[in-house]
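Based on these hints, arrange chain G on the given structure of chain S.
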Amino acid sequence: QKEVEQDPGPLSVPEGAIVSLNCTYSNSAFQYFMWYRQYSRKGPELLMYTYSSGNKEDGRFTAQVDKSSKYISLFIRDSQPSDSATYLCAMSAGTGGFKTIFGAGTRLFVKA
Amino acid sequence: GAVVSQHPSWVICKSGTSVKIECRSLDFQATTMFWYRQFPKQSLMLMATSNEGSKATYEQGVEKDKFLINHASLTLSTLTVTSAHPEDSSFYICSADRYRNTEAFFGQGTRLTVV
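Sequence lines, in order, name chains S and G.
Using our numbering, the first residue of the first sequence is number 9, and each one after it goes up by one.
Using our numbering, the first residue of the second sequence is number 2, and each one after it goes up by one.
Extracted from the complex, chain G is given alone in its bound form:
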């Protein structure tokens, strides 16, 4: 299957700082990437959809100025959590969508802890 690499796998940051998470498709070009958030024992909640070269589409209730998404190339999307607060602590997962394929390939996830 296709490989999606997410980095870092875990990060601890101080409240008020910003954190950047990278999502790379290693062996295919991803026209669309998705960013999810998952709280313990809960399912994945879609935060935003990003298409290469255009602005991300955010789900209702997700602050676009807080969660900055950049999809500058067909193999890389980044999520930046700005001015992080403890309530932003969560498991963030990206997925990449190959053109005309509906099955999503997930990164290994990033556990963010804001202290």
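Excised from the complex, chain S in its bound form:
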């Protein structure tokens, strides 16, 4: 079993739809949870960063962490064609040099 599971998709939605991306994990030591967006042939860029359980909102993006279920989500409201990318969840047990474990990434296509 992988430490982090993420459905690779692809996920195709119409413009304006609400997108839900999810990851599950098995390591209860994870405390820090991140979502990265990666465009083709580019390095990942950090979208959201959450510590422990709870919700965090930033513009059209909302990240949710449920540590009891070992389940994290990223919601994108009013999706745009420019949101088309691969979204990677990532998590880590600590700060300052701890390894970050990535999900496989979900490819998202937002159709105009």
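Read the hints as simulated data drawn from the structure, not as lab findings.
Be a bit skeptical, because a hint or two may be false.
Computed footprint of chain S on chain G; a stretch qualifies when at least three of its residues, placed anywhere within it, have a C-beta under 8 Å from a C-beta of chain S [said to hold, decoys possible]: (1) 39-47; (2) 105-115.
For lysine-lysine, the following DSSO-like pairs were computed, each having C-alpha atoms within a straight-line distance of at most 27 Å [to be verified]: (3) K15/G x K67/G; (4) K10/S x K78/S; (5) K65/G x K21/G; (6) K107/S x K75/S; (7) K64/S x K75/S; (8) K65/G x K15/G; (9) K50/S x K119/S; (10) K107/S x K65/G; (11) K64/S x K50/S; (12) K21/G x K64/S; (13) K107/S x K67/G; (14) K119/S x K42/G; (15) K119/S x K78/S; (16) K21/G x K50/S; (17) K107/S x K64/S; (18) K21/G x K67/G; (19) K15/G x K50/S; (20) K56/G x K107/S; (21) K56/G x K21/G; (22) K67/G x K50/S; (23) K107/S x K21/G; (24) K10/S x K65/G; (25) K107/S x K42/G; (26) K65/G x K50/S; (27) K10/S x K107/S; (28) K78/S x K56/G.
Don't be surprised by glycine CBs; every beta carbon is placed ideally from N, CA and C.
For chain G alone, coordinates are given in the frame of chain S:
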């Protein structure tokens, strides 16, 4: 956010030659840098963790004599792919970790093609 610069962004080399990739943190000191490899439509696979001034820690299955990592300063780490073969063709990405920060800042990646 913090800026990490990776160079070159793409490189083509002949089989048997060596290639060096640089990763620089431009506006912060990176105590730890990570090197990843990413095959098409796959996630990032951690190759090694490097701490400034000490030897890199390689993940299982990664040949340390083939992928030489040097982290000589708090702003620069290099990955050298020695005696490159076509199967080494991949997208290599570095990330830098600010002290006490867990979010990693990524370079733009280097696409290596070995012919």
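Against the structure, the hints come out as follows:
1. For the region 39-47 of chain G, the assignment as covered by chain S holds, since 5 residues bring a beta-carbon within under 8 Å of that chain's beta-carbons and 3 suffice.
2. Residues of the region 105-115 of chain G lying with their CB closer than 8 Å to a CB of chain S number 7, which satisfies the three-residue condition for coverage.
3. Restraint check: the Cα-Cα separation between K15/G and K67/G comes to about 16 Å, which is no more than 27 Å; the hinted pair holds.
4. In summary, the hint linking K10/S to K78/S is supported, as the alpha carbons are separated by about 13 Å, within the 27 Å threshold.
5. For the suggested pair K65/G and K21/G, the alpha carbons sit about 14 Å apart, so the restraint of at most 27 Å is met.
6. The straight-line distance between the Cα atoms of K107/S and K75/S is roughly 19 Å, inside the 27 Å bound, and the hint therefore holds.
7. Proposed proximity of K64/S and K75/S is supported: the alpha carbons are some 14 Å apart, at most 27 Å.
8. Under the criterion of a C-alpha separation no larger than 27 Å, the hint pairing K65/G with K15/G is consistent with the structure, at around 21 Å.
9. Distance restraint check for K50/S and K119/S: the Cα-Cα separation of roughly 21 Å lies within the 27 Å cut-off, and the hinted pair is therefore satisfied.
10. With a C-alpha separation of about 18 Å, the suggested pair K107/S and K65/G falls inside the 27 Å cut-off, and the hint holds.
11. For the suggested pair K64/S and K50/S, the alpha carbons sit about 26 Å apart, so the restraint of at most 27 Å is met.
12. Distance restraint check for K21/G and K64/S: the Cα-Cα separation of roughly 39 Å exceeds the 27 Å cut-off, and the hinted pair is therefore not satisfied.
13. The hinted pair formed by K107/S and K67/G meets the criterion: a straight-line CA distance of about 22 Å does not exceed 27 Å.
14. Of the pairs offered as hints, the one joining K119/S and K42/G holds, with about 20 Å between alpha carbons and a cut-off of 27 Å not exceeded.
15. Distance check on the hinted pair: K119/S and K78/S sit about 31 Å apart at the alpha-carbon level, beyond 27 Å; violated.
16. At roughly 19 Å between alpha-carbon atoms, K21/G and K50/S fall within 27 Å of each other, so this suggested pair holds.
17. About 23 Å separates the Cα atoms of K107/S and K64/S, which keeps this hinted pair within 27 Å; it holds.
18. Taking the CA atoms of K21/G and K67/G, the gap is near 12 Å; set against the 27 Å cutoff, the hint holds.
19. For the suggested pair K15/G and K50/S, the alpha carbons sit about 24 Å apart, so the restraint of at most 27 Å is met.
20. With a CA separation close to 16 Å, the supplied pair K56/G and K107/S stays within the 27 Å bound.
21. With a C-alpha separation of about 17 Å, the suggested pairing of K56/G with K21/G holds against the 27 Å cut-off.
22. At roughly 24 Å between alpha-carbon atoms, K67/G and K50/S fall within 27 Å of each other, so this suggested pair holds.
23. At roughly 24 Å between alpha-carbon atoms, K107/S and K21/G fall within 27 Å of each other, so this suggested pair holds.
24. Simply put, K10/S and K65/G have alpha-carbon atoms about 24 Å apart, close enough for the 27 Å limit, and the pair holds.
25. Taking the CA atoms of K107/S and K42/G, the gap is about 22 Å. The hint holds against a cut of 27 Å.
26. At roughly 26 Å between alpha-carbon atoms, K65/G and K50/S fall within 27 Å of each other, so this suggested pair holds.
27. Between K10/S and K107/S, the direct Cα distance comes to roughly 15 Å. Compliance with the 27 Å bound is thereby established for this hinted pair.
28. Between K78/S and K56/G the alpha-carbon distance is near 34 Å, which puts this suggested pair outside the 27 Å criterion.
Checked against the numbered hints given earlier, the structure breaks hints 12, 15 and 28 and satisfies all the rest.
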